[in-house]
Amino acid sequence: MPPEPSAPSRLWISPDGDWQIAVGTPHARLRPGVLAYHGYRLSMARPRPRLELPDGVATLLLSFAGNPVVVTSPTGAFEQREYTSMIAGLRTGPRLGTHDGRLFGMDITMAPWLAHRLMRVRMDELADVGLDPAEVAGRWVERLRDRLAEAPGWAARFAVLDEELTARLTEDAAPASVPDRRVVWAFQTLAHSGGRVRIGRLADRLGWTDRQLQKRFRDGIGLPPKGVARVARLQHAMRLLEEGLRGAAVAEECGFFDQAHFNREFRAMTGLAPGKFLEGRRSAEAATRSGGQVDRVQGEVTSLLL
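To convert, count from 1 in the sequence shown and add 3; that's the working numbering.
Treat the hints as calculated values from the structure; they're not laboratory data.
Some clues are possibly wrong.
[Unchecked claim] What follows is a set of in silico ranges between Cβ atoms, one per label pair, in the way DEER data are often shown: (1) Pro18 to Arg201: 49 to 55 angstroms; (2) Arg142 to Thr78: 33 to 39 angstroms; (3) Pro77 to Ala48: 22 to 28 angstroms; (4) Arg142 to Ala251: 51 to 57 angstroms; (5) Ala68 to Arg201: 45 to 51 angstroms; (6) Lys229 to Arg34: 26 to 32 angstroms; (7) Trp188 to Ala251: 30 to 36 angstroms; (8) Arg142 to Asp183: 25 to 31 angstroms; (9) Glu85 to Arg201: 14 to 20 angstroms; (10) Glu138 to Thr101: 56 to 62 angstroms; (11) Lys229 to Arg125: 37 to 43 angstroms; (12) Arg84 to Ala48: 22 to 28 angstroms.
[To be verified] Derived SDA-like pairs (lysine to any residue); straight-line CA-CA distance at most 20 angstroms: (13) Lys218 to Val181; (14) Lys279 to Arg267; (15) Lys279 to Arg242; (16) Lys229 to Arg219; (17) Lys229 to Thr212; (18) Lys229 to Gln215; (19) Lys229 to Arg208; (20) Lys229 to His264; (21) Lys218 to Arg270; (22) Lys218 to Leu243; (23) Lys218 to Arg242; (24) Lys229 to Arg125; (25) Lys218 to Ala206; (26) Lys229 to Gly141; (27) Lys279 to Lys229; (28) Lys218 to Glu246; (29) Lys279 to Phe107; (30) Lys229 to Arg270; (31) Lys229 to Gly278; (32) Lys229 to Arg214.
Here the structure is a predicted model, which means the values were calculated and not measured.
We treat Cβ as the ideally placed atom computed from N, Cα and C, and that holds for glycine.
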């Protein structure tokens, strides 16, 4: 018997029917590690590039139709890559994704420590790049993708995800892939502080040396603590810019040395000047008003439509 949907989805369909986007809420037993489910079916005449900004989440993308997404680095951090499905970890730079306008699939956004448990891989292997999830998790990913593709609608697919992720997370796994509660706490503390907590203070609170903290973050989070702090500070800065604060005030609030330092760091991590970022977000807001969802995680600034 197919699983019962555990939560209603939000569904947007374009007036001309060339795209639909569905958002589902993971079952309570999977939260807070699993953040959101997204389904999409696109049949557009032309592609629309999507700039993915550094955020604090890992993403499992599963394609049902096999249409590739070409991923490039606007800052030249890595060479062009092509994916159908992908598991991607945390990063400190932007990614630009383009496609031919036709996509059918789903993605699951999750905390990095949950992805560590789910995919059973050291998260530094996924940092700043993506891998084919079948190479990482093998038959489980292939079965999950097949079940999702065959399910009769988005609500049923969300229920399949609840079932499959719960089963995967309750299986016995190698101790190395079980999230360390202390690492989870340190990661959440950094994220919630906007990157302002001193790394040495975290290590002291946990009774670890800086070297021990670095190693545990590489395994379970993917980025070193300073990298996580950079991403958290950028996220805080982007939200303040959207709220209308000017660059100098954002720089002071987020702990940058001055506005010039803020501008350099912002461009290095997003490939954009703050003003260009705001222009792109205004375009994203217009897209949201007409239906759909731009950001992958509520409360995070994750994407720009170009």
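Query raised in the report: Okay, which hints does this one fail, numbers in order?
Result: 9, 10, 11, 21, 22, 23, 26, 27, 28, 29 and 31
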